[in-house]
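Colleague: So the chains spell out like this:
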Amino acid sequence: MKKRSLKHAFATTLFSIASLAMLGTSQLAYADDELVVYSSRKEHLIKPLFDQFTKETGIPVTLQTGKANALIERLKAEGERTQADIFMTVDAGNLWYAAQQGLFQPMNVDRIQAKIPAHLRDPDNLWTGLSVRARTIVYHSERVQPSELSSYEALANNAWHGKLCLRTSKKVYNKSLVAAMIDHDGATKTEQVLTGWVSNLAAKPQAKDSQVLKAIEAGQCDVGIVNTYYYGRMQDKNPQTKIKLFWANQNSYGTHINVSGAGILKHAQHREAAQKLLNWLTSDTAQKQFGGANKEYPANPKIPLDPQVASWGSFKADDLNLAIVGKRQAEAVKLMQKANYK
Amino acid sequence: MKRSALKPFTLFSKLALWALILLISLPILSLGFSWHRIDSGLWQHLSDNLLLELLGNTFQLLLGVAIGTGVLGISLAWLVTRCEFPGRRWFEWLLFLPFAVPAYVLAFVFLGVFDYAGPVQSFFRDTLNMQGGLDIREGVWGVAFIMSLVFYPYVYLLTRSAFLAQPPNYTEAARSLGDSPFRAFWRVSLPLARPAVIAGLSLALMEVLADFGTVAIFNYDTFTTAIYSSWVDYRSLETAAQLSTLLLIIAATLIALEHYQRGKRAFHSGLPRQQTRYRLQGVKAIATWGYLSGVLLLAFGLPLIQLSLWAYQSFSGWDPRLSEWIGNSLILAVFSALLTVLIALILNAVIHNHPLSRLQTFGIRFTTLGYALPGSVLAVGVMLFLFEVDGLLDGGLWFSSGLFALVIAYMVRFMAVAFGPVESSFKTIKPSISEAARNLGASPLELFKRIYWPLLTPGLLTALFLVTLDILKELPATYLLRPFGWDTLAVRTFELSTEGLYEAAALPALVLMGIGLAGLVIIEVLRARAEKRRPISH
Numbered sequence: 001m002k003k004r005s006l007k008h009a010f011a012t013t014l015f016s017i018a019s020l021a022m023l024g025t026s027q028l029a030y031a032d033d034e035l036v037v038y039s040s041r042k043e044h045l046i047k048p049l050f051d052q053f054t055k056e057t058g059i060p061v062t063l064q065t066g067k068a069n070a071l072i073e074r075l076k077a078e079g080e081r082t083q084a085d086i087f088m089t090v091d092a093g094n095l096w097y098a099a100q101q102g103l104f105q106p107m108n109v110d111r112i113q114a115k116i117p118a119h120l121r122d123p124d125n126l127w128t129g130l131s132v133r134a135r136t137i138v139y140h141s142e143r144v145q146p147s148e149l150s151s152y153e154a155l156a157n158n159a160w161h162g163k164l165c166l167r168t169s170k171k172v173y174n175k176s177l178v179a180a181m182i183d184h185d186g187a188t189k190t191e192q193v194l195t196g197w198v199s200n201l202a203a204k205p206q207a208k209d210s211q212v213l214k215a216i217e218a219g220q221c222d223v224g225i226v227n228t229y230y231y232g233r234m235q236d237k238n239p240q241t242k243i244k245l246f247w248a249n250q251n252s253y254g255t256h257i258n259v260s261g262a263g264i265l266k267h268a269q270h271r272e273a274a275q276k277l278l279n280w281l282t283s284d285t286a287q288k289q290f291g292g293a294n295k296e297y298p299a300n301p302k303i304p305l306d307p308q309v310a311s312w313g314s315f316k317a318d319d320l321n322l323a324i325v326g327k328r329q330a331e332a333v334k335l336m337q338k339a340n341y342k
Numbered sequence: 001m002k003r004s005a006l007k008p009f010t011l012f013s014k015l016a017l018w019a020l021i022l023l024i025s026l027p028i029l030s031l032g033f034s035w036h037r038i039d040s041g042l043w044q045h046l047s048d049n050l051l052l053e054l055l056g057n058t059f060q061l062l063l064g065v066a067i068g069t070g071v072l073g074i075s076l077a078w079l080v081t082r083c084e085f086p087g088r089r090w091f092e093w094l095l096f097l098p099f100a101v102p103a104y105v106l107a108f109v110f111l112g113v114f115d116y117a118g119p120v121q122s123f124f125r126d127t128l129n130m131q132g133g134l135d136i137r138e139g140v141w142g143v144a145f146i147m148s149l150v151f152y153p154y155v156y157l158l159t160r161s162a163f164l165a166q167p168p169n170y171t172e173a174a175r176s177l178g179d180s181p182f183r184a185f186w187r188v189s190l191p192l193a194r195p196a197v198i199a200g201l202s203l204a205l206m207e208v209l210a211d212f213g214t215v216a217i218f219n220y221d222t223f224t225t226a227i228y229s230s231w232v233d234y235r236s237l238e239t240a241a242q243l244s245t246l247l248l249i250i251a252a253t254l255i256a257l258e259h260y261q262r263g264k265r266a267f268h269s270g271l272p273r274q275q276t277r278y279r280l281q282g283v284k285a286i287a288t289w290g291y292l293s294g295v296l297l298l299a300f301g302l303p304l305i306q307l308s309l310w311a312y313q314s315f316s317g318w319d320p321r322l323s324e325w326i327g328n329s330l331i332l333a334v335f336s337a338l339l340t341v342l343i344a345l346i347l348n349a350v351i352h353n354h355p356l357s358r359l360q361t362f363g364i365r366f367t368t369l370g371y372a373l374p375g376s377v378l379a380v381g382v383m384l385f386l387f388e389v390d391g392l393l394d395g396g397l398w399f400s401s402g403l404f405a406l407v408i409a410y411m412v413r414f415m416a417v418a419f420g421p422v423e424s425s426f427k428t429i430k431p432s433i434s435e436a437a438r439n440l441g442a443s444p445l446e447l448f449k450r451i452y453w454p455l456l457t458p459g460l461l462t463a464l465f466l467v468t469l470d471i472l473k474e475l476p477a478t479y480l481l482r483p484f485g486w487d488t489l490a491v492r493t494f495e496l497s498t499e500g501l502y503e504a505a506a507l508p509a510l511v512l513m514g515i516g517l518a519g520l521v522i523i524e525v526l527r528a529r530a531e532k533r534r535p536i537s538h
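So the sequences go chain by chain: Z and A. Heads up, the first sequence is in my numbering, so the first residue is 1 and it goes up one at a time. Heads up, the second sequence is in my numbering, so the first residue is 1 and it goes up one at a time.
Just so you know, these hints were derived from the structure itself, not from any lab.
As a list, the in silico EDC-like pairs of lysine to aspartate or glutamate whose alpha-carbon atoms are at most 20 Å apart:
#1 Z/K76 - A/E388
#2 Z/K55 - Z/E272
#3 Z/K237 - Z/E217
#4 Z/K204 - A/E138
#5 Z/K334 - Z/D185
#6 Z/K334 - A/D221
#7 Z/K327 - Z/D185
#8 Z/K163 - A/E138
#9 Z/K204 - A/E53
#10 Z/K171 - Z/E153
#11 Z/K342 - A/E53
Let the hints inform the model, and build the full structure from the sequences given.
Modeller: Right, here's the structure in full:
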């Protein structure tokens with residue numbers, strides 16, 4: 001029948017696939033003299049910084065963004081063949097896991113340790129925090145008095161029944177918050193808190209912190225827990241907002257913080273340039289911008305804050321080493337799933 | 001089909017066929033190897049706390065979307081093919097448009113507009129002083145509704161072609177025997193179109209099985225939630241892969257059901273003839289109009305308006321790289337879609353022309369399963385598989401980096417989408433046509449040029465359109481496997497929307513929809529041309 005055309009089609013397909021493979025391999029030469037950063041931080045947040053680094057040092061940076069877990073799998077699979085020099089991500093859990101999987105090599109902390117406090121760094125110098133994000137309580141100032149608030153744990157009290165909004169437990173920030181709580185309060189107490197939270201929920205957990213804020217604004221609930229930079233963005237859009245920040249757990253272990261951070265990859269081909277980039281990212285100039293760009297806190301506590309961030313007041317931060325937070329995340333998820341926290 | 005018409009295989013064809021099948025199915029098969037190590041503690045936890053509820057949720061959602069896409073797809077297809085009303089021809093192709101809207105984009109638009117804090121409910125509360133509110137994320141309804149709006153085009157598209165291909169004399173006979181239009185539809189048209197309806201439904205449902213983005217926005221937990229939890233929370237890629245193979249079994253069951261219900265019956269149609277359409281007037285015409293515009297408004301108009309508003313509010317100059325993203329998106333989508341459709345064409349031509357062993361038939365069917373896998377799992381599967389291949393070669397990154405991995409991932413994921421339309425257009429070719437042509441002395445080349453190509457073109461174009469749009473919208477595989485510098489519109493939309501910056505994500509999302517619209521116009525023009533060149537005029 002049409003065997004001949006079929007044969008042609010087979011041949012065309014195989015040829016196309018072969019040429020594709022060549023196209024694919026030709027990509028390899030592309031990044032030879034560039035510093036390659038795998039990042040789960042979104043491009044629009046960090047590219048301006050890298051551009052400035054390139055301008056100052058002449059070292060070009062190629063950025064490959066992706067989801068943290070997918071990038072970690074990619075790095076594991078690439079092994080020593082990887083072209084990446086630095087892995088940058090948010091959340092202590094991701095950094096801890098990357099370290100635990102042996103993806104990093106120790107960095108030279110001579111300059112970094114003077115800038116970044118120890119609890120924001122890996123004990124073995126495999127990664128360092130670059131910016132700090134605080135996760136704390138927000139409330140509607142017309143419906144809630146700050147005197148009614150104290151800690152994350154207290155939001156499990158009956159008084160908040162039908163008034164609490166939370167982001168989904170699937171988000172890594174909540175996993176870390178609960179992981180820290182397990183370390184401070186123990187698993188039994190934490191499970192009780194989680195069950196209390198769930199029974200206090202005014203609505204099914206939101207997919208995003210910004211939605212938690214919107215729900216409070218609209219009156220669906222009165223209190224919630226968010227990262228402060230989401231609050232900052234809301235303030236930008238609506239300076240008259242009735243929502244206020246409350247620094248949680250000031251009378252106990254302090255407000256929960258997390259980091260975004262980075263480490264040099266074990267199989268980095270541009271080790272020196274990578275070290276240079278990390279030194280630069282922890283330098284005063286970069287730190288000022290790093291926090292300011294996303295309304296986060298600089299990892300270096302001596303850097304003056306962005307005026308808007310400073311207006312939220314100072315607070316006592318939890319100084320639990322973040323590697324511990326990372327280690328306890330799986331335990332935290334188990335508890336949250338048991339407590340039916342969606 | 002008469003067996004005498006079928007030619008046996010040459011060795012070359014056999015090897016080539018298996019090469020193609022393996023290329024597409026090995027990344028899927030590699031998931032099966034995950035079963036060598038079982039984390040029983042994690043399985044225990046999952047089955048104690050999650051699995052039962054998640055399976056229940058998944059089946060509710062499948063049922064909801066099956067009903068939603070079925071009702072929408074069939075009714076719309078029937079209205080535009082069997083009725084005549086002002087604007088029918090416009091509606092006929094406009095109704096494809098919702099397919100250009102990524103499901104997760106429609107989800108965040110709906111949530112933004114209709115949720116408790118959104119403008120609609122705020123209006124009722126603040127201006128009309130109505131108390132309370134509705135959480136549209138509760139239950140299965142919201143998610144099922146949104147998915148039905150985005151996925152109904154699968155059913156619509158295939159059913160419409162089936163209705164068009166039905167010889168009108170069947171329904172005319174039913175009508176002349178006194179059946180009402182509805183009865184004629186129910187007893188004649190619909191049963192004849194059943195394979196098309198089910199093929200459309202199974203595509204829609206596989207898409208539901210694989211979805212993670214849409215359900216995540218509504219925080220509606222499905223089976224994919226367990227897969228992601230195993231991977232992201234418990235760092236057990238094995239358990240995630242094991243759970244994925246269960247998802248494949250559900251998908252395989254869907255496909256087997258489709259085959260079973262089709263049985264050995266043949267659905268070859270006669271030659272399409274001009275349809276006589278019921279002329280709708282007055283109330284009926286207005287009601288039809290209202291229905292069609294309502295669907296279009298919700299599925300395409302609303303996101304268009306909301307995204308435009310957001311894009312306008314947040315507009316701070318064009319990103320100079322926008323044209324680069326458009327270029328990347330288009331190159332990837334069109335090139336991969338062409339390849340995917342080409343392979344689907346070859347596989348179907350093989351099925352059509354050769355007696356196949358059970359194993360061969362099974363192998364070909366297996367290649368369509370990738371559509372039910374969550375994109376990220378599939379992407380990791382492809383990646384790990386290609387690293388293995390590279391490792392066997394010489395330890396370089398030959399296949400696993402660059403575009404190759406990405407294109408393979410697209411082919412594995414969207415083979416089912418290409419396969420369906422191509423398969424159904426092969427089904428409209430009665431073996432007697434090609435036999436007759438051969439008896440009249442047509443050479444194979446002539447046969448191909450004058451019979452197959454014209455009859456297949458509409459199906460090929462449909463497949464090309466669907467796969468191209470699907471690849472344009474695809475996120476997880478593109479995100480993980482794209483080579484340096486190959487950002488696409490979908491990647492940008494996602495990156496901006498995850499930070500809660502829906503406003504900033506609006507522009508790339510709009511461009512994505514615009515490309516979908518342009519693609520639709522092109523395909524329609526090509527299709528119209530192909531129709532004119534049909535071998536037998538009517």
